[in-house]
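**Q** Produce the entire structure from the sequences given, and follow the hints as far as they go.
Residue numbers (the UniProt record's numbering), protein chains in the order written: chain A, 1 to 793; chain B, 1 to 164.
Please note that the accuracy of each hint is not assured.
Below, computed lysine-lysine pairings styled on BS3-like, alpha-carbon distance capped at 30 Å [to be verified]:
| # | chain 1 | residue 1 | chain 2 | residue 2 |
| --- | --- | --- | --- | --- |
| 1 | A | K591 | A | K569 |
| 2 | A | K601 | A | K561 |
| 3 | A | K539 | A | K565 |
| 4 | A | K126 | B | K30 |
| 5 | B | K158 | A | K122 |
| 6 | B | K80 | A | K15 |
| 7 | A | K599 | A | K565 |
| 8 | A | K15 | B | K158 |
| 9 | B | K30 | A | K277 |
| 10 | A | K15 | A | K565 |
| 11 | A | K122 | B | K11 |
| 12 | B | K30 | A | K435 |
| 13 | A | K572 | A | K454 |
| 14 | A | K763 | A | K778 |
| 15 | A | K599 | A | K588 |
| 16 | A | K89 | A | K473 |
| 17 | A | K244 | A | K539 |
| 18 | A | K435 | A | K349 |
| 19 | A | K454 | A | K50 |
| 20 | B | K158 | B | K80 |
| 21 | B | K146 | A | K565 |
| 22 | A | K565 | A | K473 |
| 23 | A | K349 | A | K473 |
| 24 | A | K454 | B | K146 |
Worth flagging that the hints you see were computed from the coordinates, not collected in a lab. Nothing here was measured: the structure is a model prediction, and the numbers come from that model.
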Amino acid sequence: MTAAFEGIGASVRRKEDLRFISGRGHYTDDINRPGQLHAYIRRSDRPHAKIVSIDTTAAAAAPGVAAVFTGADLAGIGGLPCGWQIHNKDGSPMAEPKHPVLAEGKVRHVGDPIAVVIAETKQQAKDAAELLDIVLEDLPSIASVTAAAAPGAPRVHDDVAGNVCYDWHIGDKAAVDAAFARAAKVVSLDLTNNRLIPNAMEPRAAVGDFDPTTDDYTLYTTSQNPHVIRLLMGAFVLGLPEHKLRVVAPDVGGGFGSKIYHYAEEAIVTWAAGRLKRPVKWTAERTESFMSDAHGRDHVSTAEMALDAEGHFLALRVKTLCNMGGYLSTFAPAVPTYLYATLLAGVYKTPAIYAEVKAMFTNTVPVDAYRGAGRPEAAFLIERLVDTICHDTGHDRVDIRRKNFIPVDAFPYQTPVALQYDSGDYFTTLDAALKAADWAGFPARRAAAKANGKLRGIGISTYLEACGIAPSKVVGSLGARAGLYEVANVRVHPTGSVSVFTGTHSHGQGHETTFAQLVSDQLGVPLSQVDVVHGDTAKIPFGMGTYGSRSLAVGGSAMVKAMDKIIAKGKKIAAHLMEASADDIEFKDGKFSVAGTDKVKTLGEIALTAYVPHNYPIETLEPGLDETAFYDPMNFTFPGGCHVCEVEIDQDTGVTSVVNFVAVDDVGRVINPMIVEGQVQGGVAQGIGQALLESAVYDEAGQLLSGSFMDYTMPRADDLPNITVGTESTLCTHNPLGAKGCGEVGAIGSPPAVMNAVVDALKDLGVRHVDMPASPQKIWAIIHSNRPRMAAE
Amino acid sequence: MPQVTLTVNGKSASVEVEARTLLVELLREKLGLTGTHVGCDTSQCGACVVHVDGTSVKACTMLAVQADGASVTTIEGLAKADGTLHPMQEMFREHHALQCGFCTPGMVMSAIDLVQSHPEGLTEAQIRHGLEGNLCRCTGYHNIVKAIAAAWPIMHGKVPAAAE
Ligand code: FES
Ligand code: FES
Numbered sequence: 001m002t003a004a005f006e007g008i009g010a011s012v013r014r015k016e017d018l019r020f021i022s023g024r025g026h027y028t029d030d031i032n033r034p035g036q037l038h039a040y041i042r043r044s045d046r047p048h049a050k051i052v053s054i055d056t057t058a059a060a061a062a063p064g065v066a067a068v069f070t071g072a073d074l075a076g077i078g079g080l081p082c083g084w085q086i087h088n089k090d091g092s093p094m095a096e097p098k099h100p101v102l103a104e105g106k107v108r109h110v111g112d113p114i115a116v117v118i119a120e121t122k123q124q125a126k127d128a129a130e131l132l133d134i135v136l137e138d139l140p141s142i143a144s145v146t147a148a149a150a151p152g153a154p155r156v157h158d159d160v161a162g163n164v165c166y167d168w169h170i171g172d173k174a175a176v177d178a179a180f181a182r183a184a185k186v187v188s189l190d191l192t193n194n195r196l197i198p199n200a201m202e203p204r205a206a207v208g209d210f211d212p213t214t215d216d217y218t219l220y221t222t223s224q225n226p227h228v229i230r231l232l233m234g235a236f237v238l239g240l241p242e243h244k245l246r247v248v249a250p251d252v253g254g255g256f257g258s259k260i261y262h263y264a265e266e267a268i269v270t271w272a273a274g275r276l277k278r279p280v281k282w283t284a285e286r287t288e289s290f291m292s293d294a295h296g297r298d299h300v301s302t303a304e305m306a307l308d309a310e311g312h313f314l315a316l317r318v319k320t321l322c323n324m325g326g327y328l329s330t331f332a333p334a335v336p337t338y339l340y341a342t343l344l345a346g347v348y349k350t351p352a353i354y355a356e357v358k359a360m361f362t363n364t365v366p367v368d369a370y371r372g373a374g375r376p377e378a379a380f381l382i383e384r385l386v387d388t389i390c391h392d393t394g395h396d397r398v399d400i401r402r403k404n405f406i407p408v409d410a411f412p413y414q415t416p417v418a419l420q421y422d423s424g425d426y427f428t429t430l431d432a433a434l435k436a437a438d439w440a441g442f443p444a445r446r447a448a449a450k451a452n453g454k455l456r457g458i459g460i461s462t463y464l465e466a467c468g469i470a471p472s473k474v475v476g477s478l479g480a481r482a483g484l485y486e487v488a489n490v491r492v493h494p495t496g497s498v499s500v501f502t503g504t505h506s507h508g509q510g511h512e513t514t515f516a517q518l519v520s521d522q523l524g525v526p527l528s529q530v531d532v533v534h535g536d537t538a539k540i541p542f543g544m545g546t547y548g549s550r551s552l553a554v555g556g557s558a559m560v561k562a563m564d565k566i567i568a569k570g571k572k573i574a575a576h577l578m579e580a581s582a583d584d585i586e587f588k589d590g591k592f593s594v595a596g597t598d599k600v601k602t603l604g605e606i607a608l609t610a611y612v613p614h615n616y617p618i619e620t621l622e623p624g625l626d627e628t629a630f631y632d633p634m635n636f637t638f639p640g641g642c643h644v645c646e647v648e649i650d651q652d653t654g655v656t657s658v659v660n661f662v663a664v665d666d667v668g669r670v671i672n673p674m675i676v677e678g679q680v681q682g683g684v685a686q687g688i689g690q691a692l693l694e695s696a697v698y699d700e701a702g703q704l705l706s707g708s709f710m711d712y713t714m715p716r717a718d719d720l721p722n723i724t725v726g727t728e729s730t731l732c733t734h735n736p737l738g739a740k741g742c743g744e745v746g747a748i749g750s751p752p753a754v755m756n757a758v759v760d761a762l763k764d765l766g767v768r769h770v771d772m773p774a775s776p777q778k779i780w781a782i783i784h785s786n787r788p789r790m791a792a793e
Numbered sequence: 001m002p003q004v005t006l007t008v009n010g011k012s013a014s015v016e017v018e019a020r021t022l023l024v025e026l027l028r029e030k031l032g033l034t035g036t037h038v039g040c041d042t043s044q045c046g047a048c049v050v051h052v053d054g055t056s057v058k059a060c061t062m063l064a065v066q067a068d069g070a071s072v073t074t075i076e077g078l079a080k081a082d083g084t085l086h087p088m089q090e091m092f093r094e095h096h097a098l099q100c101g102f103c104t105p106g107m108v109m110s111a112i113d114l115v116q117s118h119p120e121g122l123t124e125a126q127i128r129h130g131l132e133g134n135l136c137r138c139t140g141y142h143n144i145v146k147a148i149a150a151a152w153p154i155m156h157g158k159v160p161a162a163a164e
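**A** Quick look at the structure:
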C-alpha cells in the first residue's frame, strides 16, 4: 500500500466513503440544536389566488406552538434576490417582480409558502398548520409558456405585461437572413425540452440558530454554495452583516443545481431563530420538494438550419420560449440566455447564428439551473436538428457531423454567439465512441431485433458545453451581479500535514479525495496527510461554491495558485537554511534542494522552521506557511464529446430499453478516473431519465400532477443499462491544470443520443421527431397509429 | 403514550413514543441513529431501509409500535465491534458505489438482504430488479450493481471473483 500511486491520475478510493458507508455522514437533518423548535410551512394548493384572509388564532393556540408567522410579519424583510440581470432587445432591463419569502397578497404557484408554524415538535407544528384558516380567491392561471404568451393571457404579476420577463436575442440576424435567402435547403424542427424536477435524494433542510449574547446567527443548510447564501440572505433579505452570520453546508445529499439557490426556508428559520431566541429547524417532506425546489429545463423552440447543396451548415435560426415559473429563482435568467443560446454553435463551424429567447412567467414553481443548465437544451436542439436534417435530406448522420465539425487546427475558435473555444478534438471522441459502440455492426443487430419483432435504433450526439464558470469580468458584462472566481487556502501545519480550505462544495463529487490527490501530488505529501475542508463560512475565506462543473477547473486552479505561493515561500526559507540563493532552490516530491548539490530539506522541515522560527530570515519573511489564493478564470472551459445510444422498442408495450450506452468525453485533465467515470455515469442516468422517463406535468391551470415519486418517474436500477465511459482529453489551455470539468457532460450529451436512437428505431414508420420523454404510452401510440402503413409495406 | 421495547444493533432500548411515530422516526429522533435516512413520504425511495429480525424493511412504512420486541439492525450496526466493515460496505467503497452517500445506508441494507436471500447466485438482471425499491440519483446504479455482484461471493464464502 505504501508505494501505491495516489497522485494525479490515480483511481484512489474515496476518503469520504468510510463515514458514508458507516452511517456517519452528517447531513443537515441530522443536526439538532439544544432547545430546538420545528417549523412547518403551509403552502398554497392553488396555482394562482388572492389571499383574502389568514386567521392564525386556532393554530397559535394549539399545543406546543411557539409562533405563527405570515407574509405580514415578514413585511419588513427583503424579497429573495435574483443574481443575474438580463436586458431586453431594446436595452431595457428584464422584469424583476418581488419574490417574497412568504406570500404577500397573492400566491403564484402550487407550493408558494403562505405561513409558517413553529412548535416544540415537528408533529405539533404540522398539526397546528392544519388549523390555519386561510381564505383564497382563485384567479385565472397559466402553466405553459405557450399559454403565458397567448394574447390576453392572465397575468402572473400585475405589473408584468404579457408575462414577459425578458425578450432577448443574440447573434447577427442580417447575416442569418442572408444565408437563409441563398440556402440550397432549409430544415426546420419544432421541439420542446421537457420540464424536470431535480430530486436530489436528500430533501432540503435548514436549521437556524441565534446566540443572543453575541448576536451571532448560524444557518445550517443543504447548499451547494454556503458563502453565496450568506451574501444573498445576509445582504438582501435579512440585513445581517457577514461577520454576524455563519452558514454551514455539511454533508449534502446531492444537489444537481437545485441546492444552489437561496430559498425562502433558509431565511425563515434564520429570522425566526433570532425572533424567538431558539434554534428553528425545517426539513422538507418530499412532497414539498416537488413543489418548492427549483425545476429545470421547460423550453419550447423552433430551430431552422440553412444548408448548401453538400450539407454544409450555413446558418442557424432559433426561437425559444422558456419558463421562469412564478418568480425568478437566483440564477434563472442566465440559464436560457448565456448558458443556452451562447452554446448554439455546438461543435460545428456554422458561420452565422441568430437566437431569440423570450422568458415567460407562469403559475408554476420557479425554474432554474438543473444539471447542465441551458447546455442540455442547446445540445438537444442542435443534435436533434442535425439528425432531422439527415432524415429530410438523406445525408449520413456521421458524415454530416464530420463535415461540419470545427477542425482540430481551428482553435482558439470564435463562435458567432460570443464564446471562444480554447481547445477540442471532436473527431477523436467521435471515432472512439463509434468504435466502442460497434456502430458499424449495427445493421446486423437491427435485423436480428426485427426478426424478434423488436424495433432497434442507434443514435449519436456530438455535443459541447461551457463550464468552469466563469471569468468575472465577462459575466459581469453579461448581467451577473457577482464575481465567479474561486478561493483556496492551503495551510501547511508545523509537522508537515496539510489542511486545504476550498470555497467549492462537495455533495457527491468526491472533492475530499480529488483535491487531496491534487495537493498530495503537487506538494509531495502523502494523501493521508491532506484534509480538505469545505462548506463552512467560518472556516473558509470565501467561495462561490459548486455548480457548472467548476470545482476543479476554478477551485482546483485556486489551489494550485495557493500551493505555488507555499512553494515560493518554502524556497526562501530553504535558501536561508541551506545558505543558498532562493533562485537556486528546486522543489520536487516534497523536497527543497539546492541545485547541483546534495543539500535537501523536506517540506516538513521547512514547515517546522516556518512555525518555530528560531533560525529564520525574520527581517524579510513572515513566519508561517499558510497561503490563500483567489483564482478568476480567463475563459470558460469547453468539455465535449460523443455519446452513442442503442435502444430497442417493444412494439406491444411501447417500452424503450437502452441496450447499450457509450460516452466518450473530453473533460481535460483527469485527477481521479474512477470519480470521473462515476460522474459521467450519474449524468448519463439523469439524461436517460429525461429522455425516456421523467417529466414534470402540470395541468392547464397549474396544478402539479407529478408531485410525488408515485407520479414522477425516477430512473431505477432496472430502467438503466451499464454505461461505458471513455475519455479522450485535450487540455484546457488557460487554467494551470488543463482541467475542463466532468459533472455535467453526462446529462448534456445523453438526451439527444437517446432520442436520436428512438427516432432511428421508428424511422420505418416515417417518424421524424419524438419529444421527450419517450414514454411507453407515447411510443405505443406512435407505433399503433402507424400500424396500417407498416402492414401495407 | 405507548412504550416500545426493542433491540437495536444488539443493544436493548425502551422508548415512549406517540402511537403514530414511525420506526424511522424512533431510530433517528429518539435513538439518534441518523445513519438511516428519509428521502420521501410515499415509501418509494428506500433511503430508510433497515433490517427487522433479519429482513429488510422500509422503516418509514412501519410504526415504531409494530417493532416492539423486534431486533433491528441499522447501517450503524453492520461493522464488527473492532471496526471491521461488512463486505457489502467494503465493496461499496471499493467499486465507488456511492457519491453523495444519502441513499447508501438504505442501499447497503437492501443489498445485504438481496444477497443473503439468493445463495444460489445473482445475475445482473436480478440485482437490478432487486434494487427496484431503492432510488439513487447520483450513481446511475452501474457501480452499485458491480459492488453487489462483488459482495455476493464474499458473503457466501466463495472465492472472490477476480477484479474486472
Ligand atoms: S423514506 Fe423513502 S422509502 Fe422510506
Ligand atoms: S449516492 Fe447520492 S443518491 Fe445515491
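**Q** Output the numbers, in ascending order, of every earlier hint that fails for this structure.
**A** 5, 12, 13, 19, 21
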